[in-house]
Amino acid sequence: MVHPHGGRRRVHVGDLRPGDHACLLFDSDEERALLLGGFLLGGLDAKDKILYLAGEGPAGHDALLDRCRFPAGPPDLSGQLEIVGPAEISSGRGEFEPAALLDRLRAAADRGRREGYRALRVAADLGALLRDGRDVHRLLRYEALLAAEFIDDEALAVCQYDLRRCDPAALDTLAAAHPRSVELDPLVRTADLVVVRTFRPPGLRIEGAVDAGSHGHLREALQSVAAVRGDVRLEMSRVEFLDLGGLRLLMTFARARAARHYAVELTGLLPHLLRVITLIGWDRTPGLRLGAAHAY
Amino acid sequence: MPTEHADGPGFVHHACLYGSDEQFLATALPFVRDGLTAGEPVLAATTPANIELLRDALGERAHALDTAETAYFGRRPVERVSAFLRYHDRRARPGRRMRMLAEPVWGGRSARQIAEWKRMESGLNVLLAELPVWMICPYDTRAVSADVAAAACVTHPVRMDGGRARPCAGYTDPLAYAAAIGPAPETAPATAARMGPTADSAAVRLFARERAAAAGLTGERLALAEFAVAEAAGYLLAADGARVALRIWEEPGTLACELLREDPHGASVPAFAGFLPPDEAPDPEDGLWLARTLSETLEVRAEGDRTRLGLRLAGLRDAECG
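Which chain is which? The protein sequence lines are A and B, in order. FYI, in the UniProt record's numbering the residues of the first sequence are 1 to 296. FYI, in the UniProt record's numbering the residues of the second sequence are 1 to 322.
Any given hint could be a false lead.
Said to hold, decoys possible - Selected chain B positions facing chain A (in silico; Cβ < 10 Å): (1) Tyr87; (2) His88; (3) Asp89; (4) Pro197; (5) Arg209; (6) Glu210; (7) Ala214; (8) Ala215; (9) Gly219; (10) Leu222; (11) Gly287.
Derived by calculation from the structure, the hints in this document are not laboratory data. The beta carbon of each residue, even a glycine, is placed where N, CA and C say it ideally should be.
Chain A on its own, in the form it takes in the complex (with noise of 0.2 Å):
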C-alpha cells in the first residue's frame, strides 16, 4: 500500500520492535507526554532496558514520569530505565561527541543483556543541541551511527524533535534519517476501523471502514477530541467506507463543537462523500466545514 504521507512509514508506539528507528516531531507538549508514556509503558512490558537521553528538561527519574501521562498512574521503572543528563551527551568542552554518545548506548545495551532484558530501548530528546543552528552536522552523523551500527535486532530507538524550537531545514534532514515516524497508538484498532488521535492540526485520523457496527467506536473516539480547544480537524482520506450514521455522528459532533464556537474540519473526504453530505444538506451544519476532497 502506497503510503500517502511520503517514504517515511508510520509506526504505533506499541508496534515498536527490536530494528525500529523512528523519529518523533512534536509541536504539542501533550503529543509529546503521551508518546513517551506509551512508550516507557512499551519498554515495561516487553522487558526492555530504557535508556532516555535527556538533551535538557526533566533529568530525574519522577520528573521524566510526572512528565508522561499515564492514564492509571506513573509505573514502576526503577533499575528499568536510566537518563543520560546533558552533561553526559557533551563532552567537558560543551560539544556534542556521536560517537561518545554510541559507546555509552553500547555499554547500556551490554549492562541490560547481562541483566536479563530483551532490547534497549532509546528514547532520545536531542533537539536543543540543534538551536542557533549549532551541532546539526554532529546530530545527523549521531543519527547516521545509530542507524548503521547501533539500530539492530536488540536495539530501537525514538528521537523526538521539537517543531517549535528547531530549524525546519535541519528538521527534515534529521526526519529523513529515519525509516519510521512513531505516532500514538490508536484510540480504536479494530479489523475495519482505526482512528488515531493527530496533534496538528489537533484531531483524528480516520482509516477503513464505518458501519452499524463501529458507530460506538467512533463516537468514542469523537469524544476523546470533544476537549480540545479550538477548531479539530478529521483527516478522511484513508475512509473506505463510512455509512449514513456515521455520518450523522460527525455533523452531531460539528454541531457540538459550534455551540462552543470552535469548527470540525472534514478533510480527504472521498467525492461521493460529499455528495451526500450535500443531498442531505449536512453541508450547511453549524461549525461543519468541508476540505478538500480525496481521489479515488
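On the provided structure of chain A, position chain B as indicated by the hints.
Chain B in isolation, oriented as in the chain A frame:
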C-alpha cells in the same frame, strides 16, 4: 390524513383536472392571487407555459410568485418530497399557511415511473399531513392518459374546478393504494449473482461492491452503488435477528439488486418508508431514504412473511450519470 378544507390546520391536497389554458387559470389564478393577497408564500411548480400564463394574468403581482419548472423540481418522487420540504423550510412563516401549485410531469415516463409518481401523489397525504400547506396538483387532460387522470381522483381527497371544491368519490386510503399500485418488484433471474442469507452487513456491502465493479462501475458511481445497497440492507438488518439474501444482475442501463428478508414475525414495512429526508434526529428510515435517492427506483414490498426490496442503480451505459 389531510383536511378536506383549506381552512383546516394541516396539509390540504386538491387535484385540478384542466383541458385548456382557461380552465387552468380558472383554478390556478384565484388560488395564487388569494394567497399573495393574504401574504402567504406561494409556489407555482408547473410547466414553463403555465408559469407564463400565470405571470401574464397576475401582472405586477407576478413579482411575488415563487416559481419552479416542475421537471427540475425533484426529478423523482423521493426528490420531489425533499423539494417540497426544502421550499417549506425556506419560506415558512410562523402561523401562516403556504400554497403550492404542484404539477407532476407525466409525459414520457415508463410504467414503473408512473406507478411511483401515483404512489407519491397518494403518499403526500400521509407524508406531509402535518404541514400547513395547501397544495393543488394540476393535471392537463390534453397531455396525460385517461389512466393518470383517473388516478388523480383516487390520490387526492378533493378536486377543484374553477373555485369549486368537490370531494373525490374514488379517494382511496394511501396505504391501501400504495400496496396495490404498480408492477411488483421484478424477481431475480436464475443467472443473478447470489449471496446470503446473512446478517453480516459488511459482507453484503462488499458483495454489492464487487458486483458493481464487475458491471463496470468505477469511482464515485461505484462508491454510491455500494452506499445505496449498504443502506438498504442496513434498513432490513435493523430488525432483531434479521438476515438478508442478495441478488444482483445487469439489465440494459441498470444494475438491478434484490434484497430479501424472511420475516418470521411478519414485520411490516411502512408503505411510504424512506420518502422523508433525514432530519436532525436519527430515524430508522434515513438509510432507506438515501438508498431511494441514490437509486433510479426502489421498491419495497411486504409479501406475506417476507420483505422484498428492489433497487435499480444507474448502470455503466447510463450516460446521464456519467
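Hint check:
1. For B/Tyr87, the interface hint is violated, since its Cβ never comes within 10 Å of a Cβ in chain A; the closest pair sits about 13 Å apart.
2. Because the smallest distance between the Cβ of B/His88 and any Cβ of chain A comes to about 13 Å, over 10 Å, the interface hint for this residue is violated.
3. The restraint placing B/Asp89 at the interface with chain A holds, with a minimum CB-CB distance near 9 Å, inside the 10 Å limit.
4. Below 10 Å, beta-carbon pairs count as interface contacts, and B/Pro197 has none with chain A, the closest being about 17 Å; its hint is therefore violated.
5. At about 9 Å, the closest approach between the beta carbon of B/Arg209 and any beta carbon in chain A falls short of 10 Å, and the interface hint on this residue holds.
6. Interface restraint check: B/Glu210 against chain A, minimum CB-CB distance 13 Å, threshold 10 Å, status violated.
7. Evaluation of the B/Ala214 hint against chain A yields a violated restraint, the C-beta minimum of about 17 Å exceeding 10 Å.
8. The beta carbon of B/Ala215 comes no nearer than 17 Å to any beta carbon in chain A, farther than 10 Å, and the hint placing it at the interface is violated.
9. The beta carbon of B/Gly219 comes within 5 Å of a beta carbon in chain A, closer than 10 Å, and the hint placing it at the interface holds.
10. Given the 10 Å rule on beta carbons, the hint for B/Leu222 holds: about 8 Å separates it from the nearest Cβ of chain A.
11. This hint holds: B/Gly287 has a C-beta 5 Å from the nearest C-beta of chain A, less than the 10 Å allowed.
Hint check: violations occur at hints 1, 2, 4, 6, 7 and 8; the rest are consistent with the structure.
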